[in-house]
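Asker: Letter by letter, the chains look like this.
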Amino acid sequence: MTALERRLARLYRAGTYAATAVIAVGIALGDSAVELAGIALMIALPIARVALLCASFVRARDRTFALLAALVLAIVAAGAVIGAYGH
Amino acid sequence: MIAFELFIAAFAASTLGGMLGMAGGVFVVPLLALFLGVEIHTAIAASIVSVIACSCAGAAPFLAARLTNVRLAITLEVATTLGALTGVLLAGLIATRVLFGVFAVVLAASAWQMGSRRRPVAVTSSPDAHRWRALDGRYPDAAGELAYEVHRLPLGLALMYGAGVISALLGIGSGVLKIPAMDSALRLPIKVSSATSSFMIGVTAAASAVAYFARGAIVPGVAAPVALGSVLGALLGAKLLIAAPGDRLRLLFVVALVALCAQMTLAAFGITLGGGGG
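As given, the protein sequences belong to chains A and B, one line each in that order.
For what it's worth, the numbering used here labels the leading residue of the first sequence as 1, then goes sequentially.
For what it's worth, the numbering used here labels the leading residue of the second sequence as 1, then goes sequentially.
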């Protein structure tokens with residue numbers, strides 16, 4: 001496993017545990033704000049993964065794949081805008 | 001208590017899904033919409049969170065096995081996330097009954113795919129037709145390190161776009177479309193395509209989940225127990241994957257998919273048989 005793959009695997013493992021714990025606390029307390037925070041954390045995980053990849057491509061001066069990763073992030077951001085301001 | 005029922009439904013769906021190395025979204029939405037009386041758009045938004053949960057819970061082992069082609073994943077994700085945005089826009093326009101109908105078709109296609117075994121593609125090397133060298137990779141196999149090439153990228157991208165649309169529209173991981181794209185269009189080894197596909201599912205689902213979240217379509221009372229059940233189910237399913245007898249499990253899956261397909265078809269025509277009655 002390369003250093004990058006190790007970092008990604010660690011991000012996923014820690015992130016999944018954290019998000020799951022927050023959601024479980026939210027359910028236990030019956031607090032929908034905490035539940036939503038846990039869900040937001042879960043949704044943020046794959047996005048953080050793309051950001052991490054983008055940074056590592058930039059560091060490696062791999063311009064093509066850095067741009068592709070940035071493009072994916074831009075598309076996800078566009079999704080937030082569509083959701084908030086679309087019909 | 002509805003939260004407990006939602007948790008159990010998601011747990012069962014994700015355990016079953018995990019045993020065959022897929023997210024359980026294709027089961028979560030029908031269970032919620034047909035049997036627990038959850039409104040279909042709410043079920044889809046909750047399921048898309050469940051898909052992310054399954055994908056995150058399953059990603060680490062695949063990475064550890066060095067099967068994921070990260071560069072290829074990033075390239076194809078441009079297409080899947082664009083598809084997801086299209087799906088989010090379509091979801092607001094399509095009538096509920098049509099949504100049930102599209103879901104029935106996808107269930108039928110999943111049953112078909114599960115019933116017919118994936119065959120390993122013959123790895124051919126044709127230097128003229130092969131232009132995507134930056135995406136090529138190697139993976140560990142019983143025989144040692146094996147190199148592979150990526151073919152027909154434009155066709156693969158088009159199929160991935162379609163997979164993104166279906167994923168956002170129905171709240172599923174849509175491996176149904178990703179697997180043929182990886183196997184037949186790009187001609188990847190099965191192990192590599194499974195790992196890379198499950199790696200991409202998370203970002204594809206996140207693109208639509210962000211939009212549904214911003215739209216306020218994610219109902220915490222439904223999505224939270226579903227997400228919790230999905231993580232636990234996915235972890236258990238991945239453990240059982242090693243021990244399960246393959247063929248009988250596939251048959252069970254096909255039967256479940258066909259039954260849900262029939263129910264979805266009835267719902268598309270406005271007939272509900274299930275307990276909850278959506």
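Keep in mind that the hints were calculated from the coordinates and are not lab data.
Glycine included, each C-beta is placed from N, C-alpha and C at the ideal position.
Heads up, some of the hints might be wrong.
[Unchecked claim] FRET-style restraints, in silico, Cβ to Cβ: (1) B:136 to A:14: 17 to 23 Å; (2) A:63 to B:143: 32 to 38 Å; (3) B:112 to A:31: 28 to 34 Å; (4) B:39 to A:86: 18 to 24 Å.
Asker: Against this structure, judge whether each hint is valid.
Answerer: Tested hints:
| no. | hint | result |
| --- | --- | --- |
| 1 | B:136 to A:14: 17 to 23 Å | 31 Å, violated |
| 2 | A:63 to B:143: 32 to 38 Å | 35 Å, holds |
| 3 | B:112 to A:31: 28 to 34 Å | 44 Å, violated |
| 4 | B:39 to A:86: 18 to 24 Å | 19 Å, holds |
Violation of the numbered hints given earlier is confined to hints 1, 3; the remaining hints are satisfied by the structure.
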